[in-house]
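S.K.: The residues making up each chain are set out below.
2 protein chains.
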Amino acid sequence: MIGREEPLRIVIVGGVAGGATAAARARRCNATATITMLEKGPAVSFANCGLPYHVGGEIAERKKLLVATPELFRDRFQVDVRTQCEVQSIDRSARTVSGIDHGSGQPFMLPYDRLIVSTGSEPLRPPFMATPLSNMFQLWTLPDLDHVMACIQQMSPRKAVVVGAGFVGLEVVEQLERLGMQVTLVERGDHVLKPLDSELATLIEHELTAHGVQLALGSGVEQVISEAGRAVAVELTGGRRIECDLLIVGAGVRSRTELAKAAGLTIGQSGGVAVNEFMQTSDPLIYAVGDMTEVRHGVLDKPQRIPLAGPANRAGRVAGAHAATGHSSPAGNVLGTSIVRVFDLVAAATGLNERTCVALGIDHHIATIQANDHAGYYPGAKELTIKLIYAPEDGRILGAQVVGQAGVDKRIDVIATLMHFKGTVHDLAQLDLAYAPPFGSAKDPVHMAAFVAQNDLQNYPRLADTAIDLSGYQVVDVRSNAELERLPAVAGARHIPIDHLGQRWQELDPLAPTVVICHSGKRAHIGACWLAGQGFQQVQNLNGGMSIRRLCPTTNETRQ
Amino acid sequence: MIGREEPLRIVIVGGVAGGATAAARARRCNATATITMLEKGPAVSFANCGLPYHVGGEIAERKKLLVATPELFRDRFQVDVRTQCEVQSIDRSARTVSGIDHGSGQPFMLPYDRLIVSTGSEPLRPPFMATPLSNMFQLWTLPDLDHVMACIQQMSPRKAVVVGAGFVGLEVVEQLERLGMQVTLVERGDHVLKPLDSELATLIEHELTAHGVQLALGSGVEQVISEAGRAVAVELTGGRRIECDLLIVGAGVRSRTELAKAAGLTIGQSGGVAVNEFMQTSDPLIYAVGDMTEVRHGVLDKPQRIPLAGPANRAGRVAGAHAATGHSSPAGNVLGTSIVRVFDLVAAATGLNERTCVALGIDHHIATIQANDHAGYYPGAKELTIKLIYAPEDGRILGAQVVGQAGVDKRIDVIATLMHFKGTVHDLAQLDLAYAPPFGSAKDPVHMAAFVAQNDLQNYPRLADTAIDLSGYQVVDVRSNAELERLPAVAGARHIPIDHLGQRWQELDPLAPTVVICHSGKRAHIGACWLAGQGFQQVQNLNGGMSIRRLCPTTNETRQ
Chain F
1 MIGREEPLRI VIVGGVAGGA TAAARARRCN ATATITMLEK GPAVSFANCG
51 LPYHVGGEIA ERKKLLVATP ELFRDRFQVD VRTQCEVQSI DRSARTVSGI
101 DHGSGQPFML PYDRLIVSTG SEPLRPPFMA TPLSNMFQLW TLPDLDHVMA
151 CIQQMSPRKA VVVGAGFVGL EVVEQLERLG MQVTLVERGD HVLKPLDSEL
201 ATLIEHELTA HGVQLALGSG VEQVISEAGR AVAVELTGGR RIECDLLIVG
251 AGVRSRTELA KAAGLTIGQS GGVAVNEFMQ TSDPLIYAVG DMTEVRHGVL
301 DKPQRIPLAG PANRAGRVAG AHAATGHSSP AGNVLGTSIV RVFDLVAAAT
351 GLNERTCVAL GIDHHIATIQ ANDHAGYYPG AKELTIKLIY APEDGRILGA
401 QVVGQAGVDK RIDVIATLMH FKGTVHDLAQ LDLAYAPPFG SAKDPVHMAA
451 FVAQNDLQNY PRLADTAIDL SGYQVVDVRS NAELERLPAV AGARHIPIDH
501 LGQRWQELDP LAPTVVICHS GKRAHIGACW LAGQGFQQVQ NLNGGMSIRR
551 LCPTTNETRQ
Chain V
561 MIGREEPLRI VIVGGVAGGA TAAARARRCN ATATITMLEK GPAVSFANCG
611 LPYHVGGEIA ERKKLLVATP ELFRDRFQVD VRTQCEVQSI DRSARTVSGI
661 DHGSGQPFML PYDRLIVSTG SEPLRPPFMA TPLSNMFQLW TLPDLDHVMA
711 CIQQMSPRKA VVVGAGFVGL EVVEQLERLG MQVTLVERGD HVLKPLDSEL
761 ATLIEHELTA HGVQLALGSG VEQVISEAGR AVAVELTGGR RIECDLLIVG
811 AGVRSRTELA KAAGLTIGQS GGVAVNEFMQ TSDPLIYAVG DMTEVRHGVL
861 DKPQRIPLAG PANRAGRVAG AHAATGHSSP AGNVLGTSIV RVFDLVAAAT
911 GLNERTCVAL GIDHHIATIQ ANDHAGYYPG AKELTIKLIY APEDGRILGA
961 QVVGQAGVDK RIDVIATLMH FKGTVHDLAQ LDLAYAPPFG SAKDPVHMAA
1011 FVAQNDLQNY PRLADTAIDL SGYQVVDVRS NAELERLPAV AGARHIPIDH
1061 LGQRWQELDP LAPTVVICHS GKRAHIGACW LAGQGFQQVQ NLNGGMSIRR
1111 LCPTTNETRQ
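Quick mapping for you: the protein sequence lines, in order, are chains F and V.
Numbering follows this note's numbering, with no gaps: position 94 of the first sequence is 94.
Numbering follows this note's numbering, with no gaps: position 206 of the second sequence is 766.
Hints are computed from structural coordinates only; laboratory data are not their basis.
Be a bit skeptical, because a hint or two may be false.
[Claimed, not checked] Here are the computed lysine-lysine pairs in the DSBU-like style, where the Cα-Cα straight-line distance is at most 30 Å:
| # | chain 1 | residue 1 | chain 2 | residue 2 |
| --- | --- | --- | --- | --- |
| 1 | F | Lys422 | V | Lys862 |
| 2 | V | Lys1082 | V | Lys982 |
| 3 | F | Lys64 | V | Lys1082 |
[What the hints assert, rightly or not] Residues of chain V clear of chain F, computed beta-carbon distances all greater than 12 Å:
| # | residue |
| --- | --- |
| 4 | Lys624 |
| 5 | Arg634 |
| 6 | Glu682 |
| 7 | Ile785 |
| 8 | Lys821 |
| 9 | Gly921 |
[What the hints assert, rightly or not] Restraint ranges, calculated between C-beta atoms of paired labels, are given here:
| # | chain 1 | residue 1 | chain 2 | residue 2 | range |
| --- | --- | --- | --- | --- | --- |
| 10 | V | Lys982 | F | Leu360 | 29 to 39 Å |
| 11 | F | Pro127 | V | His1060 | 33 to 43 Å |
| 12 | V | Val918 | F | Val358 | 52 to 62 Å |
| 13 | F | Met149 | V | Asp861 | 51 to 61 Å |
| 14 | V | Gly886 | F | Lys382 | 37 to 47 Å |
| 15 | F | Asn459 | V | Glu566 | 23 to 33 Å |
| 16 | V | Pro939 | F | Glu222 | 38 to 48 Å |
| 17 | V | Asp1069 | F | Glu61 | 36 to 46 Å |
Glycine included, every Cβ here is placed at the ideal spot set by N, Cα and C.
The task is simple: from the sequences and hints, build the whole structure.
M.R.: As structure tokens, then:
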């Protein structure tokens, strides 16, 4: 233990998430240190991820959001918490931090032996927000929340516009709809939820529109039309106007790295503060944790910014121990595993998505499956969609996306756990998971996804891209007649129901490049295997089947 | 592909679980083979795990249990399914199987090039069942189920005795209670659910008694008292009598290895058929899959019998491909991951439990935690209990048990996935899992368990065994006054609420061996760290706190 005689002075800048965790951990590891936590806001350790849920009343009591109070930090951890204290500079040679106590209006200066910086991130403020309006908000802090709540109570807005279809944006949309508002979601990108690829995002878009949410995708806000200091409409690129009584903007976040930069700490290529595995910055006496810090990406194996609560908390724990004692278990890699509930659907992602693989030129294959979250014979089974992205060379899983009504969190966590170990689709196929009828299947959906990927890698047979241009192929549709009535076949497809293929395959041309399709790819796999076994030379199974193809924007024949 | 000119003849003995999976997989891998599936019962591929749920009507339709019909195997997979065909012998030199077709009463003989044996297991029939009674049943097959259902409909039993508190026993208890019966559960062991250790099993026992189920633990059935061919009571060891109108016995299962044994195939030390990673027996033309086969245990790294549906299905898939083509991905290790719902609680386990570690002399430490299944500030959070068993040498996780109302399946699957990679508590602490308020916490319960284990391994401070004899220790109880009223402290404990410890620790003797306790171990950890930091020489934190200690049978001071 360091400094029994002269207590180690640990100063923490920022009292939310990583900073709060670091303070509590530092104390547990070092009983004699003096620990001071400086927070510029009014509260420490508040549940920022819970803010949207209070807007709609799902979290009914505001006080539930206050995870730990300054008093608790003082009494339980002997941490001196000073709220409304904003640190403005770090003097590394003198080992002091200086700033303003907004409570008293007085400046302060504090010496440190170890400094932990957790200044986090803040929402981007797009140009159209330049003029403050009484019903235009961002939702990032407790004061933000209080302003939104006051507006809702005082103005009873009926029409809301939410800008930005990220996690917070979607959570806010859901809560405003819960309050009975008519909500329009404006998103600059061509689909909601950037961590998802477009076809899985389409499932979420359907869920939003099914709940009456208007979508304006591919649209930026050009300007806000205001009257008497209130927003009355937004004007989108292209000129479309959408009326609103309430405008909430979640247009991305930026790292708050100014303090670290001004102190001369190294900033990484990603724009976050560079740290080692113990969260030490380029000055080993200064640690950095949370949104404005780089973490090591588990797939790319290089530093990235991944502003999420989980990694921030775990980093805080590592930094707290290391600052207090000089040693600690290292921080782990981060995959960006994330999840959001959107009405009755849940969407989750981990690792790389297809778009990122394409952008970075990373060789990848894709297997997409649909399966029940638990045994189909047990009541209440719900469909899950899993998209697995893996390296063709060795089957290593690069990323995954899961969308469904139930069991989504379990599947993404299992895959994220596997990815911690750089596991492959072959590992995934072997996992010994818990099965009883209410909880899963003897072959879990993640197994099914792994099996499909294994078949693809072993040419048993190869998977065709979901959005493949089918002209020039012999297309064999093995669905039932009833299914064809619900969702017509692609033009020119030969229709042979799977249970007739054993008798009728001779009707097909064994020399033509062939794609077999069904609803989800399962029966098409059986059919494609059969044809390959009969000597068909080039047979592929359409990945994900018609159920996924109809979600792809580029396949015009099936666009709804 | 083998045998384009002379089709490969694949014969499968047993059409449930592994056998059915093998047939479908063999066809997909080999379009030209002749595949014959011989099943002694009336149905193939039925949902044996679903049988209990039909008893109570939770699965309302019997036909839901018929996962795949012989017609489907014929039309979709070109598999020749022959039900009621019992194979009685294998002639390995002639490569034939022989038996009786119970439908026609005729014997049959069939040649094979590759044989896949999936004869499964059957319930043990204890001596007290020697005389058949019209209301005494086992529940293993569809005919068993039909008999139970007929009895319930015709006799309207009010009092049921279920013998055996394994998975099926507990599922049956729940379903009979659902039908309004008064149920007594008789179990020879000293607690329900053998995969759990006793203190976690106590949680399930509390749930059973809370739902009106009578428990007779540590009791075997001595004899069944019958009148006019009906069971009217069971007499337990010790003489206690329990009346019943319905008696269902689930007293364990045995492997059906007779056929393999008679054919001279090697039987392993565990009593199951020995196989390699492609499920080939000592005769490489003969494969064995399912309950009567050995699998490789992922922790013990040696062959074991683990009769569960998941491993059986995965083994069938491997055997089907390998028999059909001569190659396949290997089968994975098995951890015995299992789960059961018991009214509003769920219990799950994977790997080794404490009892097995003790019995085998495996060095192990234990960390037990209680945490909410999702963020406490979001409504509906439920308490989870996680018991983590790990190697003190390197922190490798040897096993885990999880009990709770929600999110149990996710946590056991994450830990089982980690154990596939022989991961440690340090890996568990680093996992990047999905977090949003409805689904988890920034620090998930599995992280909390890992943190506790890391602290223990790093002497930060050491964990004391939950059931430790506290006499001779300075016991410091850091709970609040209100908690002490609900569950009194252990005799002689010093009571200093955690938030007062920073001021009052000097009241304690720094030289005395000290154990700090609280409700779940979380605050005791903080307190123990503090005391250790003040120079207390021997401080431990009571693993799991009073909430777990009160579940231990040996701690008389707290036995309820």
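S.K.: Evaluate each hint against the coordinates.
M.R.: Results of checking the hints against the structure:
Simply put, Lys422 (chain F) and Lys862 (chain V) have alpha-carbon atoms about 25 Å apart, close enough for the 30 Å limit, and the pair holds. Restraint check: the Cα-Cα separation between Lys1082 (chain V) and Lys982 (chain V) comes to about 27 Å, which is no more than 30 Å; the hinted pair holds. For a cut-off of 30 Å, the pair hint linking Lys64 (chain F) to Lys1082 (chain V) stands: about 20 Å separates their Cα positions. At the 12 Å boundary, the C-beta of Lys624 (chain V) falls inside the reach of chain F, the nearest C-beta of that chain being 4 Å off.
At the 12 Å boundary, the C-beta of Arg634 (chain V) falls inside the reach of chain F, the nearest C-beta of that chain being 9 Å off. With a cut of 12 Å on Cβ distances, Glu682 (chain V) stays outside the contact zone with chain F, its closest approach being about 19 Å. Interface exclusion of Ile785 (chain V) from chain F stands, the closest Cβ pair being 34 Å apart, more than 12 Å. The claim that Lys821 (chain V) lies off the interface holds: its Cβ sits roughly 27 Å from the closest Cβ of chain F, which is beyond the 12 Å cut-off.
The claim that Gly921 (chain V) is not at the interface with chain F holds, since no C-beta of that chain comes within 12 Å of its own (minimum 24 Å). In this structure the hint that Lys982 (chain V) and Leu360 (chain F) lie 29 to 39 Å apart at CB holds, the actual value being about 31 Å. A beta carbon spacing of about 54 Å between Pro127 (chain F) and His1060 (chain V) contradicts the range 33 to 43 Å that was offered as a hint. Between Val918 (chain V) and Val358 (chain F) the beta carbons are some 54 Å apart, a value that agrees with the proposed interval 52 to 62 Å.
Between Met149 (chain F) and Asp861 (chain V) the CB atoms are about 58 Å apart, so this pair conforms to the stated range of 51 to 61 Å. A beta carbon spacing of about 39 Å between Gly886 (chain V) and Lys382 (chain F) agrees with the range 37 to 47 Å that was offered as a hint. Evaluation of the 23 to 33 Å hint for Asn459 (chain F) and Glu566 (chain V) yields a pass: the beta carbon distance comes to about 24 Å. A beta carbon spacing of about 39 Å between Pro939 (chain V) and Glu222 (chain F) agrees with the range 38 to 48 Å that was offered as a hint.
Checked against the hint of 36 to 46 Å, the pair Asp1069 (chain V) and Glu61 (chain F) passes, with Cβ atoms roughly 43 Å apart.
Going through the hint list in order, the structure does not satisfy hints 4, 5 and 11.
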